[in-house]
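Construct the entire structure; sequences and hints are all you get.
Number of protein chains: 8
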Amino acid sequence: MNEEIRKVLESVRDGSMTVEEALLRLKIQPFEDLGFAKVDLHRSLRQGAPEVIYGAGKTAEQIVGIIRTMQENGQKQVLITRLDKESAELIRKSVPITYRPEARIGFCGSIPEPDGLGRVLVATGGTSDIPVAEEAALTAEFYGNEVIRLYDVGVAGLHRLLAHKEEIMSASVIIAIAGMEGALASVIGGLADCPVIAVPTSVGYGASFRGLSALLSMLNSCASGVAVVNIDNGFGAGYYANMINHREKKA
Amino acid sequence: MNEEIRKVLESVRDGSMTVEEALLRLKIQPFEDLGFAKVDLHRSLRQGAPEVIYGAGKTAEQIVGIIRTMQENGQKQVLITRLDKESAELIRKSVPITYRPEARIGFCGSIPEPDGLGRVLVATGGTSDIPVAEEAALTAEFYGNEVIRLYDVGVAGLHRLLAHKEEIMSASVIIAIAGMEGALASVIGGLADCPVIAVPTSVGYGASFRGLSALLSMLNSCASGVAVVNIDNGFGAGYYANMINHREKKA
Amino acid sequence: MNEEIRKVLESVRDGSMTVEEALLRLKIQPFEDLGFAKVDLHRSLRQGAPEVIYGAGKTAEQIVGIIRTMQENGQKQVLITRLDKESAELIRKSVPITYRPEARIGFCGSIPEPDGLGRVLVATGGTSDIPVAEEAALTAEFYGNEVIRLYDVGVAGLHRLLAHKEEIMSASVIIAIAGMEGALASVIGGLADCPVIAVPTSVGYGASFRGLSALLSMLNSCASGVAVVNIDNGFGAGYYANMINHREKKA
Amino acid sequence: MNEEIRKVLESVRDGSMTVEEALLRLKIQPFEDLGFAKVDLHRSLRQGAPEVIYGAGKTAEQIVGIIRTMQENGQKQVLITRLDKESAELIRKSVPITYRPEARIGFCGSIPEPDGLGRVLVATGGTSDIPVAEEAALTAEFYGNEVIRLYDVGVAGLHRLLAHKEEIMSASVIIAIAGMEGALASVIGGLADCPVIAVPTSVGYGASFRGLSALLSMLNSCASGVAVVNIDNGFGAGYYANMINHREKKA
Amino acid sequence: MNEEIRKVLESVRDGSMTVEEALLRLKIQPFEDLGFAKVDLHRSLRQGAPEVIYGAGKTAEQIVGIIRTMQENGQKQVLITRLDKESAELIRKSVPITYRPEARIGFCGSIPEPDGLGRVLVATGGTSDIPVAEEAALTAEFYGNEVIRLYDVGVAGLHRLLAHKEEIMSASVIIAIAGMEGALASVIGGLADCPVIAVPTSVGYGASFRGLSALLSMLNSCASGVAVVNIDNGFGAGYYANMINHREKKA
Amino acid sequence: MNEEIRKVLESVRDGSMTVEEALLRLKIQPFEDLGFAKVDLHRSLRQGAPEVIYGAGKTAEQIVGIIRTMQENGQKQVLITRLDKESAELIRKSVPITYRPEARIGFCGSIPEPDGLGRVLVATGGTSDIPVAEEAALTAEFYGNEVIRLYDVGVAGLHRLLAHKEEIMSASVIIAIAGMEGALASVIGGLADCPVIAVPTSVGYGASFRGLSALLSMLNSCASGVAVVNIDNGFGAGYYANMINHREKKA
Amino acid sequence: MNEEIRKVLESVRDGSMTVEEALLRLKIQPFEDLGFAKVDLHRSLRQGAPEVIYGAGKTAEQIVGIIRTMQENGQKQVLITRLDKESAELIRKSVPITYRPEARIGFCGSIPEPDGLGRVLVATGGTSDIPVAEEAALTAEFYGNEVIRLYDVGVAGLHRLLAHKEEIMSASVIIAIAGMEGALASVIGGLADCPVIAVPTSVGYGASFRGLSALLSMLNSCASGVAVVNIDNGFGAGYYANMINHREKKA
Amino acid sequence: MNEEIRKVLESVRDGSMTVEEALLRLKIQPFEDLGFAKVDLHRSLRQGAPEVIYGAGKTAEQIVGIIRTMQENGQKQVLITRLDKESAELIRKSVPITYRPEARIGFCGSIPEPDGLGRVLVATGGTSDIPVAEEAALTAEFYGNEVIRLYDVGVAGLHRLLAHKEEIMSASVIIAIAGMEGALASVIGGLADCPVIAVPTSVGYGASFRGLSALLSMLNSCASGVAVVNIDNGFGAGYYANMINHREKKA
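Protein chains in written order, with numbering that gives the first Met the number 0: chain A, 0 to 250; chain B, 0 to 250; chain C, 0 to 250; chain D, 0 to 250; chain E, 0 to 250; chain F, 0 to 250; chain G, 0 to 250; chain H, 0 to 250.
No lab work stands behind these hints, which were simulated from the structure alone. Heads up, a few of these hints could be off.
Partial list, computed: chain D residues near chain F (C-beta under 7 Å) [stated by the list, open to error]:
| id | residue |
| --- | --- |
| 1 | 8 |
| 2 | 9 |
| 3 | 11 |
| 4 | 12 |
| 5 | 18 |
| 6 | 21 |
Partner residues aside, some chain C positions facing chain A, computed with beta carbon under 7 Å [claimed, not checked]:
| id | residue |
| --- | --- |
| 7 | 56 |
| 8 | 210 |
| 9 | 229 |
| 10 | 230 |
| 11 | 231 |
The structure displayed is predicted, hence computed values, not measured ones. For every residue, glycine included, the Cβ atom is placed at its ideal position computed from N, Cα and C.
The structure is reproduced here in structure tokens:
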């Protein structure tokens with residue numbers, strides 16, 4: 000930042016840049032304003048990952064508009080989460096997207112070759128947690144991670160989980176997804192030697208209070224390497240897993 | 000009940016009992032009124048277990064009064080829970096009691112020989128849960144149960160728990176005690192083939208909200224044979240375990 | 000477990016089993032992986048009761064798949080809870096099941112002769128609690144228990160409850176089901192000499208907060224022999240009652 | 000009110016009152032301003048009962064100041080609630096008051112002869128609820144009601160309550176006070192034919208959440224004649240009972 | 000009660016009643032069992048008011064069944080609350096009922112002449128509270144009370160309320176109904192000299208949390224003569240008002 | 000007020016007004032009673048702003064009735080909030096209104112020229128907050144304020160917000176609208192030198208608990224000039240902004 | 000901002016400023032880093048008000064350090080909130096401050112002459128709310144506002160409030176402070192024509208849940224001109240009132 | 000695991016290991032049982048990090064016992080969290096430990112040279128969050144990470160945070176610690192391109208509800224790379240940061 004400003008100043012001193020140009024340069028807005036949304040075009044540079052569109056509550060037209068702005072600015076890879084089938088089909092009439100109903104995700108571009116440090120393991124307590132898991136898994140794959148799926152391994156039948164101890168031990172990051180009592184995160188956290196991202200789900204009834212029970216459980220995990228994202232936030236977990244799995248040596 | 004009333008009626012018909020005597024008999028109060036407390040003397044008959052004194056919030060004098068009333072009515076075995084050291088010593092000056100500080104329990108009489116169907120296993124997630132566990136264990140012992148203690152076997156270090164798989168498999172009833180995320184109940188519930196009584200504890204901080212997290216976890220257990228008592232209610236769990244462990248064939 | 004492993008080891012030593020065979024034997028997975036679910040086939044051995052399918056959130060096809068896997072592995076008795084009428088009819092086209100709409104339960108096999116220690120009493124506070132009660136009652140019957148139903152005996156009309164004092168006194172286990180203020184569990188708990196399993200229901204409005212009021216009441220019961228399961232969890236209560244009612248002498 | 004204003008207006012018209020006097024009369028403040036408190040002197044007229052001083056959080060000096068202002072304005076009967084022993088003794092040095100520690104109440108004047116429609120019954124679930132009960136009972140007595148105390152009759156030992164069925168049936172108003180599961184209000188509400196005022200108490204631990212459990216129970220009572228006041232609000236219940244017990248025919 | 004038993008005993012002694020007859024007499028069930036509901040026929044005697052049918056969650060057939068049982072036992076006046084239009088029309092095909100949609104109430108029999116001590120004032124904060132208010136008002140009328148309606152007098156426009164000060168001052172009981180901040184109860188409580196029954200409603204949005212805000216407000220009312228019933232419980236308030244308005248001198 | 004009463008009194012003294020006329024004058028009701036609603040006609044005088052109709056839960060007929068009463072009393076400017084399209088069209092058949100679907104607002108009269116102290120800035124965290132924002136913006140415009148809209152400037156992309164620093168610095172009042180974590184209010188509060196009105200929205204999922212998360216965030220803002228209105232209360236914010244933006248020197 | 004940067008750039012172009020100087024000027028940190036705190040020295044410029052020190056949780060030494068840094072940078076007026084007596088006395092040994100125990104506030108400098116648009120009215124529901132009120136009042140005075148105090152005017156005795164209707168009508172801003180049911184804000188909001196800042200207090204017991212009840216009430220106020228700050232946040236209210244009372248015409 | 004078992008089996012087959020030895024080997028308990036605690040000695044192997052002792056609720060004697068067992072098993076590096084000064088001094092009499100009061104941490108061994116991928120940035124919103132921050136920072140340092148501290152950079156004074164943009168951009172992992180509204184995590188999450196670990200603190204008052212407000216904010220962060228640990232859980236954050244900062248290429 001410092002260097003960039005210095006260069007601008009030097010150009011002004013040298014006369015190779017006018018004051019007006021410099022002013023503009025120092026204040027330039029790194030996003031495009033669509034009126035209803037401000038598309039962030041520098042994000043890929045700033046955060047190393049393309050912009051994501053949260054589909055819930057947006058019309059198909061709005062989503063198409065955002066995608067086009069991105070593509071016109073050179074962004075090939077676009078992820079749309081919480082996208083229902085109907086919207087996906089409407090969007091497809093305007094721009095080519097791939098849609099995966101089990102993950103409620105649409106995307107432009109293609110799933111890249113995995114290039115992370117290791118594998119991302121996505122585990123669920125039950126079968127009802129699978130939609131959240133697929134959102135997490137596909138997000139991680141979209142950002143270049145190899146993903147292993149391990150579904151329906153809840154702690155009430157521990158042998159199902161222990162049968163996969165080796166996958167757990169060898170993973171680079173683990174996403175543990177569970178509703179109801181959410182104990183999966185603690186048990187996996189105690190077995191694994193890598194960071195565990197816990198995702199509470201709203202699966203359950205009665206005193207599960209739509210995910211509150213699982214959320215509190217996971218926050219109180221007595222295993223040390225566990226951090227938590229919002230209830231049902233599969234995307235957030237997949238994104239975070241990608242960040243961890245792409246850590247590199249920094250000066 | 001039916002039979003008892005019939006006998007009274009027959010005696011009235013036969014003239015062997017006056018109407019006044021019968022009235023008295025039908026209405027007799029099976030408890031003694033101490034003013035501040037109504038001591039339940041028929042409970043042993045009605046529920047098969049002696050009255051218990053909840054010590055918290057009662058003065059040593061009040062407790063002594065209740066014990067004496069019980070003893071005068073033939074009750075030898077008396078249990079006093081939530082009893083602090085100071086009160087215990089004050090009480091001991093008036094009536095002989097045994098005091099166990101680790102369980103915050105005092106009692107008159109002696110621990111009987113176990114005569115239950117099997118063993119009661121008392122397990123805790125951590126060392127801080129031990130006071131609640133001791134309250135449960137001693138209560139169960141006081142009612143005639145053999146108790147096995149298995150402390151600090153929380154799910155974050157699963158091997159500690161699995162090393163005791165045989166004790167778990169062979170127990171008649173299990174009391175699973177844990178604070179924080181309370182996952183112990185689910186994991187044990189999945190391993191055991193006997194009823195599990197889950198006791199959430201107020202151990203923890205932050206989002207444990209004084210036991211709420213563990214309570215919700217245990218209520219939402221995906222393992223089937225798990226029922227829950229109040230936060231920190233070691234006595235309730237021990238008492239309930241005793242009930243289960245003393246089931247007999249009923250006509 | 001210990002003994003089984005010893006035998007394997009002795010066979011290896013004796014040469015009657017190859018290392019590969021032993022490895023397989025020690026690691027064999029006691030469940031079958033259907034992709035979306037891991038069917039637990041050893042549970043009957045491990046916990047003395049057949050696997051149960053939680054029907055909510057599963058498609059008819061998934062349920063049929065799980066049933067078939069179970070049946071191919073010799074499991075005759077299968078219980079499906081939270082099953083709506085439509086799914087039941089779809090399933091029936093593929094596998095023969097009996098469906099009981101009042102309990103939202105389907106099952107393969109037949110209701111066995113009761114062989115428990117005594118009777119399971121299922122009581123409700125009001126008529127709106129009956130669906131939860133039927134789930135509990137049918138579950139208990141399916142596992143071999145004689146069940147007595149006692150509906151609409153809420154504490155606001157105490158004489159309705161007291162008229163059945165003898166059934167209460169003679170039960171082996173009682174399931175007390177109530178919404179709103181949930182006082183039924185405490186009152187029955189004070190009358191009975193057997194374990195009471197309390198089931199809060201989401202029946203009510205306003206400050207019942209979908210069962211929270213009844214849940215808290217039951218957890219705070221001043222009667223000692225009361226344990227609680229999740230809101231509306233009729234199955235859990237029936238299953239737990241069965242466990243208690245089938246206790247046997249253990250070495 | 001209407002009449003009073005009419006008279007003022009007529010006096011102005013007649014010249015028997017100047018405009019200034021009338022203005023004053025119409026605007027006169029029916030309270031005295033002590034700076035830290037505005038003492039309400041017309042309340043006795045307006046509401047048929049003397050002002051009450053809520054002692055908690057007021058210094059002895061402030062309380063003395065308020066009492067004196069009241070007495071100078073002719074108020075003989077003054078009630079001070081939530082008054083601790085120390086403050087009571089300090090106050091007594093300045094103005095003569097009677098102090099009842101078990102109710103944490105002080106008062107000037109004397110307990111009047113009861114003149115209500117009938118008796119106020121004050122019942123508690125346990126012995127720990129007695130301080131709240133005494134606050135209610137003494138308040139009712141101070142306002143001229145005959146009070147019957149019925150303590151430690153919680154629903155877990157129903158026979159203790161039923162032994163007093165006649166007192167319950169013959170009361171004019173009942174105050175039902177309980178912590179923990181708060182079921183007492185519902186059971187009494189079902190037995191009695193008079194209004195029941197339910198007072199949840201903060202007695203209990205764990206999931207009683209300082210009275211929340213009892214509060215919700217009482218609000219959800221399935222018995223119809225039950226209304227609820229704040230947790231531990233013995234005064235409010237006694238005051239409300241007095242209001243009901245002193246209803247008279249109104250034109 | 001005492002007297003009744005004495006007579007039975009004397010008859011047995013005299014031989015005018017056999018032991019079997021006496022047994023029956025002492026244990027007779029004062030309700031009729033319809034299987035799905037236990038109709039309480041002695042309630043009118045016991046509590047001075049006919050049984051009420053809570054319509055929500057009951058089918059038209061069930062309600063007809065209960066009404067018929069009541070009528071066959073001589074009960075002419077029957078109230079059905081929370082009854083929707085469709086059910087009301089279905090019921091009307093079998094038994095003649097009057098239906099008032101604005102109160103969601105149906106009833107058999109007729110509104111009696113008022114015979115209470117005075118008038119019941121029903122006030123609401125806004126127009127959206129009217130359905131709850133009508134439930135309260137009609138209930139009170141059905142039990143023989145004169146009712147004054149005072150709607151849309153919320154505290155944000157205090158002059159609307161103060162314009163009716165005389166009705167407030169002269170009422171015998173007041174039912175104050177409000178959602179959102181629920182301040183109406185406190186303001187009326189400060190103006191009136193009679194008991195106020197506060198009914199929080201679920202009217203509002205956002206932080207009203209479906210009536211929780213109004214409920215807490217009303218429980219914390221700084222005015223003394225205020226007691227609270229459940230959120231939206233218009234019936235409970237009307238019933239309680241009737242009880243207060245029909246107090247009589249008791250021995 | 001004082002002066003007005005004095006004049007009435009003087010007129011009575013002078014004989015230029017009868018006692019009856021004076022009585023009427025002193026008690027005249029400044030609102031009209033429509034039965035279901037009490038229309039407040041003096042509000043414009045009292046509070047400097049026309050009455051607003053909260054459309055939710057009112058029928059089109061009721062709304063038309065209220066509008067007509069207002070218009071007959073000279074009120075030209077009427078605002079109807081929370082008005083859906085269907086009702087708006089029904090109303091339009093009877094009285095001419097302008098309807099703005101994006102704000103769910105209808106109004107009679109026209110948007111006046113802005114005459115406030117400065118500009119009202121309306122900012123949102125995301126695009127889903129826009130309906131609430133439009134309700135706030137249009138309300139402010141309707142009351143005579145110039146409004147600047149700044150949408151989708153959530154704190155996760157700080158540069159989008161900072162690019163508009165000048166608009167923030169130069170605003171007279173700012174309305175900060177956000178769901179989820181609600182951090183927008185604090186960040187703007189730290190940048191601006193004018194009062195910030197924070198509006199939490201129910202936008203989000205999981206642990207946003209329908210706006211609770213944003214509400215708590217905003218209440219706990221560490222920036223000093225932030226006050227909060229109810230969840231989704233765009234109208235309240237616009238109205239409050241107008242009040243601030245029209246402050247004038249007061250004697 | 001824009002202008003300032005332009006000037007720097009022009010100076011660089013003109014050679015009157017070196018690149019290094021310009022860099023420094025553009026990046027200068029407008030705060031001083033004390034290690035444990037970053038003292039904000041430009042705030043007065045940025046927000047038109049001096050920095051405030053939140054005293055709770057800071058040692059006297061830390062506070063002295065912050066004050067000195069401020070004073071060395073020319074800041075004469077410093078406000079320290081939540082300051083207990085002991086700390087105040089310790090601080091006074093190092094720097095001269097005025098301490099007001101009733102407001103728990105200390106300050107350097109002097110209370111300025113009021114120069115706001117009008118008066119700030121500070122009203123409380125009870126005497127226990129006075130500490131919060133004094134914090135608000137003194138804060139407003141410190142920022143140059145005339146303050147009127149109106150204490151103990153809770154809605155349960157409405158005449159106490161109405162007696163001050165003229166002060167309410169003539170205020171420029173009102174701070175309404177109340178615990179328990181918090182109705183004061185709504186009632187004042189309905190009477191006043193100026194913005195009302197509502198401050199819930201933690202005064203109360205039981206279901207007041209430490210201010211939650213008052214907080215929810217105030218957020219749900221049916222009066223339009225009410226915004227809310229955090230529980231017990233007297234400072235925030237005083238600061239916000241100052242902002243409103245010092246609005247000026249903006250270009 | 001597989002390989003290890005194979006080797007044991009081959010040894011048994013070869014006769015180089017007896018069945019008893021093999022049994023022992025397969026079942027060996029990788030922890031030592033101290034009665035009150037089961038010390039985990041293989042954790043360093045299993046999870047790549049030494050055991051940590053949670054000091055709260057343990058006596059100095061218990062802690063000394065656990066340390067000694069660890070040291071006897073070759074563990075040099077031991078971390079004790081939540082350790083108060085008094086206990087630390089008692090422990091130091093038995094075993095040499097370093098104590099850091101600002102972090103409430105004691106440790107055996109020494110802080111190693113940092114060997115992570117990059118730097119761990121620890122940022123706090125205010126000065127009161129520093130104890131939690133120090134716990135996080137020291138934990139990270141103890142596990143071999145370079146830590147940068149950035150305290151008191153809350154979002155209400157954004158320039159304080161933005162002045163450190165380069166440290167934020169260049170960090171490998173960031174721990175964002177804040178109480179009250181917890182917005183720091185979102186703002187940093189939007190600026191950084193590395194994983195952010197959010198730690199809500201219990202700092203604040205009123206509606207912060209002991210950290211609940213910050214917790215919900217952080218879970219709802221609209222920035223994508225944010226995961227959350229328990230309230231005040233500085234250790235958990237430091238441990239998790241270490242895990243991320245030590246990721247390596249995995250096969």
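So, going through the hints one by one against the coordinates:
1. 8: 5 Å, holds
2. 9: 6 Å, holds
3. 11: At 5 Å from the nearest chain F Cβ, residue 11 of chain D passes the 7 Å test, so the hint holds.
4. 12: This hint holds: residue 12 of chain D lies near chain F, its Cβ roughly 5 Å from the closest one there, short of 7 Å.
5. 18: At 5 Å from the nearest chain F Cβ, residue 18 of chain D passes the 7 Å test, so the hint holds.
6. 21: OK, holds: residue 21 of chain D within 7 Å of chain F, min 5 Å.
7. 56: 4 Å, holds
8. 210: Hint holds; residue 210 of chain C Cβ to chain A Cβ min 6 Å, cut 7 Å.
9. 229: Holds, about 4 Å.
10. 230: 3 Å, holds
11. 231: 5 Å, holds
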